[in-house]
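Student: Sequence:
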Amino acid sequence: MSADDNPTAGTPATPQAPDGPAAAPPVPELERVGIEDFLKLDLRAARIVAAERVPKSRKLLRLEVDLGTERRTLVAGLAEAYEPDALVGRVIGMVANLKPATVMGVESNGMILAASAPGGLPIVVSFDTEPPLGARIK
Numbered sequence: 002m003s004a005d006d007n008p009t010a011g012t013p014a015t016p017q018a019p020d021g022p023a024a025a026p027p028v029p030e031l032e033r034v035g036i037e038d039f040l041k042l043d044l045r046a047a048r049i050v051a052a053e054r055v056p057k058s059r060k061l062l063r064l065e066v067d068l069g070t071e072r073r074t075l076v077a078g079l080a081e082a083y084e085p086d087a088l089v090g091r092v093i094g095m096v097a098n099l100k101p102a103t104v105m106g107v108e109s110n111g112m113i114l115a116a117s118a119p120g121g122l123p124i125v126v127s128f129d130t131e132p133p134l135g136a137r138i139k
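Residue numbering for the sequence shown follows the numbering used here, beginning at 2 and increasing consecutively.
Treat the hints loosely; a few may be bogus.
Listed next, the in silico DSSO-like pairs over lysine-lysine satisfying Cα-Cα at most 30 angstroms (straight line) [unchecked claim]:
| hint | residue 1 | residue 2 |
| --- | --- | --- |
| 1 | Lys57 | Lys41 |
| 2 | Lys139 | Lys41 |
| 3 | Lys41 | Lys100 |
| 4 | Lys100 | Lys139 |
| 5 | Lys60 | Lys100 |
| 6 | Lys57 | Lys100 |
| 7 | Lys60 | Lys139 |
Here are the computed distance ranges between Cβ atoms for each label pair [what the hints assert, rightly or not]:
| hint | residue 1 | residue 2 | range |
| --- | --- | --- | --- |
| 8 | Glu108 | Phe39 | 34 to 42 angstroms |
| 9 | Leu99 | Arg33 | 16 to 24 angstroms |
| 10 | Glu71 | Pro119 | 33 to 41 angstroms |
| 11 | Leu31 | Ile124 | 31 to 39 angstroms |
| 12 | Lys139 | Lys57 | 33 to 41 angstroms |
| 13 | Glu30 | Gly90 | 32 to 40 angstroms |
| 14 | Asn98 | Ser127 | 18 to 26 angstroms |
| 15 | Val89 | Pro56 | 16 to 24 angstroms |
Don't read these hints as lab results, they were simulated from the structure. Just so it is clear, the structure is predicted and the values come from calculations on it, not from any experiment. Backbone N, C-alpha and C define an ideal beta-carbon position, used for all residues, glycine too.
Could you build all of it, start to finish, from the sequences and the hints given here?
Tutor: This is the structure:
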């Protein structure tokens, strides 16, 4: 059989997923940003010191975070993935320089960093070794 007779000839084999978590689907092609735009984001380490469900919402949690020099309130769509008490004490990454936004009557002053597959539940970004509160994430 020649390559012309075999429609799969020259096609790379489908990679097999290694044992462990399933691989995320391919990332859709998005517009790339320059380093100057990325550097506008102020990403910081913060400790969640309080968490509660937002009334009348099945997805939202109201979080109080400690940045070392100040405390802030955030609203995050984590309620389907985490019980509030499971988040208290965790050191997480957050965007610290977002303009405030009111979500379901609660002013949110930042955004927690989390990953999720399409249709999947969010997974909060955290650290192997705890950085100082307020440390810049680069």
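Student: Is 34 to 42 angstroms a correct range for the gap between the Cβ atoms of Glu108 and Phe39?
Tutor: violated (26 angstroms)
Student: For the hint 16 to 24 angstroms, verify it against the beta carbon of Val89 and that of Pro56.
Tutor: holds (19 angstroms)
Student: Taken at face value, is the distance from the CA of Lys100 to the CA of Lys41 at most 30 angstroms?
Tutor: Distance ~13 angstroms between Lys41 and Lys100 Cα, so the pair holds.
Student: Would you mind confirming whether the straight-line C-alpha gap from Lys60 to Lys139 stays at or under 30 angstroms?
Tutor: holds (29 angstroms)
Student: Using the C-beta atoms of Asn98 and Ser127, is the stated range 18 to 26 angstroms upheld?
Tutor: holds (21 angstroms)
Student: Between Leu31 and Ile124, is the Cβ distance one that fits in 31 to 39 angstroms?
Tutor: violated (20 angstroms)
Student: CB of Glu71 to CB of Pro119, is that within 33 to 41 angstroms?
Tutor: holds (35 angstroms)
Student: Does the alpha-carbon distance linking Lys100 and Lys139 stay inside the 30 angstroms limit?
Tutor: holds (20 angstroms)
Student: Given the hinted pair Lys60 and Lys100, is their alpha-carbon gap at most 30 angstroms?
Tutor: holds (21 angstroms)
Student: So the hint says 16 to 24 angstroms: do the beta-carbon atoms of Leu99 and Arg33 match that?
Tutor: holds (21 angstroms)
Student: I want to verify a distance hint. Is the separation of the beta carbons of Lys139 and Lys57 within 33 to 41 angstroms?
Tutor: This hint holds: roughly 38 angstroms between Cβ atoms.
Student: Are Lys139 and Lys41 close enough, with their CA atoms no more than 30 angstroms apart?
Tutor: OK: Lys139 and Lys41 at ~11 angstroms, within 30 angstroms.
In this structure, the hints that do not hold are numbers 1, 8, 11, in rising order.
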